[in-house]
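Number of protein chains: 4
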Amino acid sequence: MTSPFKIGLIGTGRIGQVHASSIAALNDTTLQWVADPFIDGAKTVAAEYGVPNVTEDPLALINSGDVDAVVIASPTPTHVDLISAAIDAGVPALCEKPIDLDIERVDALREKARSAKTPIALGFNRRFDPHFAEIRRRVESGQIGKLEQLTIISRDPAEPPLDYVKVSGGIFRDMTIHDFDMARFFVPNIIEVTARGGNQFSSDIESAGDYDSAVVTLRGQDGELITITNSRHSSYGYDQRLEAFGSLGMVQATNVGPTTVRLYNDELVEAQVPYENFFLERYAAAYRLELAAFIEAIRTGTPASPGFEDGRAALLLANAAEKSAAEGITVKVDLSA
Amino acid sequence: MTSPFKIGLIGTGRIGQVHASSIAALNDTTLQWVADPFIDGAKTVAAEYGVPNVTEDPLALINSGDVDAVVIASPTPTHVDLISAAIDAGVPALCEKPIDLDIERVDALREKARSAKTPIALGFNRRFDPHFAEIRRRVESGQIGKLEQLTIISRDPAEPPLDYVKVSGGIFRDMTIHDFDMARFFVPNIIEVTARGGNQFSSDIESAGDYDSAVVTLRGQDGELITITNSRHSSYGYDQRLEAFGSLGMVQATNVGPTTVRLYNDELVEAQVPYENFFLERYAAAYRLELAAFIEAIRTGTPASPGFEDGRAALLLANAAEKSAAEGITVKVDLSA
Amino acid sequence: MTSPFKIGLIGTGRIGQVHASSIAALNDTTLQWVADPFIDGAKTVAAEYGVPNVTEDPLALINSGDVDAVVIASPTPTHVDLISAAIDAGVPALCEKPIDLDIERVDALREKARSAKTPIALGFNRRFDPHFAEIRRRVESGQIGKLEQLTIISRDPAEPPLDYVKVSGGIFRDMTIHDFDMARFFVPNIIEVTARGGNQFSSDIESAGDYDSAVVTLRGQDGELITITNSRHSSYGYDQRLEAFGSLGMVQATNVGPTTVRLYNDELVEAQVPYENFFLERYAAAYRLELAAFIEAIRTGTPASPGFEDGRAALLLANAAEKSAAEGITVKVDLSA
Amino acid sequence: MTSPFKIGLIGTGRIGQVHASSIAALNDTTLQWVADPFIDGAKTVAAEYGVPNVTEDPLALINSGDVDAVVIASPTPTHVDLISAAIDAGVPALCEKPIDLDIERVDALREKARSAKTPIALGFNRRFDPHFAEIRRRVESGQIGKLEQLTIISRDPAEPPLDYVKVSGGIFRDMTIHDFDMARFFVPNIIEVTARGGNQFSSDIESAGDYDSAVVTLRGQDGELITITNSRHSSYGYDQRLEAFGSLGMVQATNVGPTTVRLYNDELVEAQVPYENFFLERYAAAYRLELAAFIEAIRTGTPASPGFEDGRAALLLANAAEKSAAEGITVKVDLSA
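Protein chains in written order, with the numbering used here: chain A, 486 to 822; chain B, 486 to 822; chain C, 486 to 822; chain D, 486 to 822.
One or more hints might be untrue.
A pair holds if it fits inside one copy or across any two, identical chains being indistinguishable in the list.
[Claimed, not checked] Dumping the calculated BS3-like pairs for lysine-lysine here, alpha-carbon to alpha-carbon at most 30 Å: (1) LYS651 / LYS491; (2) LYS491 / LYS808; (3) LYS528 / LYS491; (4) LYS602 / LYS491; (5) LYS631 / LYS651; (6) LYS808 / LYS582; (7) LYS602 / LYS817; (8) LYS651 / LYS582; (9) LYS602 / LYS582; (10) LYS491 / LYS817; (11) LYS528 / LYS651; (12) LYS597 / LYS491.
To be clear, the hints were calculated from the coordinates, so they are not data collected in a lab.
Using the sequences and the accompanying hints, generate a full structural model.
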């Protein structure tokens, strides 16, 4: 038996705990360190997963010499500095999205990230969802001919707390950013962004100067038209659908229910219970597969994907969408620069 | 324009009215006569469809010299005599199922029916249902290889009135008889019948000495195994499903809803409204296509199908099922004699 | 029996024949006149449906004094004059969409249409589709709470001939116009149009200066966001879907197949044959129901719906979409003026 | 951290490896011993899962004093003796089905099993399948009223090797036995068995004196009618479906596919890839949940379910089915004795 791959986890909040669970589920991988300034949270996770090392200081973890990779699941404003520190320490990093809400901070790190000798992966976990990944495999295989249109419907089950909304960077940078990356999973080179935002139900979100709903149209380099429909609430559960339409056919991923059981009675037929509640349930497999792919990239010395440039591109699209929605104009973007 | 094909309708009750409506919908066909001892019913139908001739006496209709064919939709005990009269008059007849509840009366007519020069069609309308007919076309085309198993689920929406149950001939002769014919649509030569009946919910039906539920297993000449599941009630509407399983695949017809509309809310997703209420709605197209096929057979001089022998075979299977259910034994049958 | 309602049909091309068939299927309604400058076409339709009067001249038909209503299914450039003549003659008219491709010609007729004493109906047949009408009933009943988003996917099976494209008025006025009216079926007062067009597969359409694909986002007066996705081809048949998303749930109409039969084999499961080929099949019921509603409006003296103003509003939205797509800006519209 | 629950695994073939994997996936549980006379297989499993103790002798494992429970996954003829030894050693046991192919051997152990102080669980894993378990929860909750009919369709993907068929005990004891237990999951007290077997495709199976297809009808104490349809092959993958029909409605579990992705092209629409290949994939979750329930029963001191009596009952039903199929009679059974 080879010695296990040692991971350090920075941030032990909700998403950090998802990663802790994924690490535990992977063979030959061990959670060696956890770091969180909120030390009680870190200790709880450490106890649950039998982690030998706990610290308040993420830099102590990165520079411990005792981790083969780090997962960065701390608050967004810390991401740039922690990625930078990981590069300095020669430690591969998987960082949650977004890199930062400010494109200038991202660009300041860009050259360093480009020339880093160790992989930097961005946590766009949906690329690893088995359903969406299967659609992409089929598109890549030519099953639907030339890709012409992509329809993404993405609705959260319920609006986030107002405190979160205020620091989220707005719907495009916080929520749509996943859909921008999904669009780029199929069409990496987006050239144009048109967005409309709406305030349909949440006075909280409106008071924070943000939209609770949005529709975005993207155009790809080869003329692909991509539609994203977002809402911050959905009574029937987390609504995550994708359709790829091409010259020869269409492939479609519908929502995922907890069972296949259907009910028939005198009021309705073929009814299922509502969909998986939220991303922790819906994308549980995706988080595990994302981590596995990250470790595989390290082991084989191949670039991590999605990586830093993908994180930057998604933020550029979010910025363009915000401008488009505010000004009522289509905004051209150049992701190739 | 050729002169229209003239039809005489005997019996203007519920099922007679279905045929009147089908005749009206067919091009180049006219309802020329209606006959019913309940003359007020006949007159109402005549007025609705502009029928020039009305009579209490079905023989007057048959022998009028003014009809190209008759549709017999009168009570079951009249069928044998009316078919016989139609043969004598040289008038093609489409008779509702069953020919009779008594196999001896059927057999007494058999030789005459066999040697009749005019077509005699039996009203097993489900053979003309577009969904089931499509399954048969695929089976015949070899799409699923050798047919091995057939699964028929057939549940009525609600139990019939007790008065009807008492004269119905029992569930096997009244309700399952359609499923026996559907089985023979795929496997004409059934060699063995095994049946179990049950009293699950209706004290009325039990008091009439009948079953409210039944399961029948048939074996075909080439080893096909056919399962029929019946119930006299179904809270979610008329349940009419069919699956044909073969060496290379399976084809399946699910239930038919009034629209494709599906509802999603916080209690359920993908819900449709209940299925078509009963046979008048569910098999409306089948009744029209049945009539069209009957007229086509007359016009082209080809035998009507299903015909008298099919009506007799279904009754033999019903009799065998009754015996099997009563005695707890598998009953061999010989439909080829 | 009351004397039948007499209809005159102007134009006996493909869509005129659909109306002729619908008239034949309605009780108490007769096709009394047909008019078409291409007199052979008119005669063929007259022979098939037993129409007593045939003319080359639509005005002869309108002014015959022998029709209770006219259906105008002639080429678009004739619509304005024929509607005007029908108003003058006091004959109710059901006119195919669009009223005209030129908003100035439409506006020139507007005041006369407004003050007409006889109903003028516009042939937006999809409002009568049982599936879409069921969705609207549910939305109106409050089943999904406040309507927030509407998703319309509408793809034709194959691109039209180049000769047609050249005179069609462009994708927004010819194809999307149906979707604009569907949007207004749910949200009459649209206030904003954003559109992107694409040339994805047809060099013919591109050479004609038109788009073969389009995405449109509309905003309603109460903040509703509506997405329309169009393509001029679809390998799997006519793609006609609609989803209404609200605060309490979602209702969805999926595509309509010819049967419910599904295939299962070693390569795939749950497969159906492709959808209804095109509008004649998919919307056959809608055409019949449209005509019945038109006659009902005449009989009861209620306004026809959709009517002239709906035809004008859809054209205004198409014009706004064209401008938006060309200039890359969101265009505000005022349909209430 | 409490010390982990120590499990000994007897038999390291295909099904033993499934259990090894389930044990590894459970928190606070460790695979402490493996035993298999085929010692190389045992060593391979031990190496993969880091098991400290390996032996050829299952009794050495049972009597090691170092296991909190055993999982018996060795060949069927060893089950009775190993269960007996586990009882003697006071070690809880989860034994794969069937207990034995010979009811006399089962009955000889019955009294000892009944009075055992430690739990004996039988490996009817399908009771733990989330889909089927959800159906049962709903039936128990009264959602469909009184249970009247149960439809079980169960088809293996491909026939087993002839060598296996010869020692399998026949289709009823080897394959249908799972469906008998599923029937008893809903209706414990079955009173009547009617079965028909067929030889539809496999000359190998026929040469071994066994059936390759079967249909069974069961009757429950309260009149429930249960239908089981079996085939030893299925081109479209493992076919595992269940419907419970009651006075107020129906609940249904359809097959499970690897993804929700559907394909649409010019030949078909809504197509999915074939279902999960076989029981290892389809019932992976069920195996894990079965083991967790077994450990929970031990920890809480509650009886294991399904247990020895359930194993015996399923065998009695299989024996009755064999007799019914051979003799063409319905066979009464008394499971309450």
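Hint by hint, here is what the structure shows:
1. Proximity of LYS651 and LYS491 under a CA criterion of 30 Å is satisfied in neither setting, with 36 Å inside one chain copy and 50 Å between copies.
2. Proximity of LYS491 and LYS808 under a CA criterion of 30 Å is satisfied in neither setting, with 43 Å inside one chain copy and 58 Å between copies.
3. In this assembly of identical chains, the alpha carbons of LYS528 and LYS491 lie at most 30 Å apart whether taken from the same copy (18 Å) or from different copies (27 Å).
4. In this assembly of identical chains, the alpha carbons of LYS602 and LYS491 lie at most 30 Å apart only when taken from the same copy (19 Å versus 44 Å across copies).
5. With identical chains, the CA atoms of LYS631 and LYS651 are at most 30 Å apart between copies only, with a shortest distance of 26 Å across copies and 41 Å within one.
6. Proximity of LYS808 to LYS582 under the C-alpha cut-off of 30 Å is restricted to the intra-copy arrangement: shortest distance 21 Å within a copy versus 37 Å between copies.
7. For the identical chains of this complex, LYS602 and LYS817 are neighbours neither inside a copy (33 Å) nor across copies (52 Å), given an alpha-carbon limit of 30 Å.
8. Only within a single protomer do LYS651 and LYS582 lie at most 30 Å apart by alpha-carbon distance; the minimum there is 17 Å, versus 48 Å between protomers.
9. In this assembly of identical chains, LYS602 and LYS582 lie within 30 Å of each other by CA distance solely inside one copy; the values are 21 Å within and 55 Å between copies.
10. Proximity of LYS491 to LYS817 under the C-alpha cut-off of 30 Å is found in neither arrangement, the shortest distances being 43 Å within a copy and 58 Å between copies.
11. Taking the closest pair of Cα atoms, LYS528 and LYS651 come within 30 Å of each other only inside a single copy of the chain (29 Å); across copies the shortest separation is 58 Å, beyond that limit.
12. Within a single copy, LYS597 and LYS491 get their C-alpha atoms as close as 25 Å, which meets the 30 Å cut-off; across copies the closest is 50 Å, which misses it.
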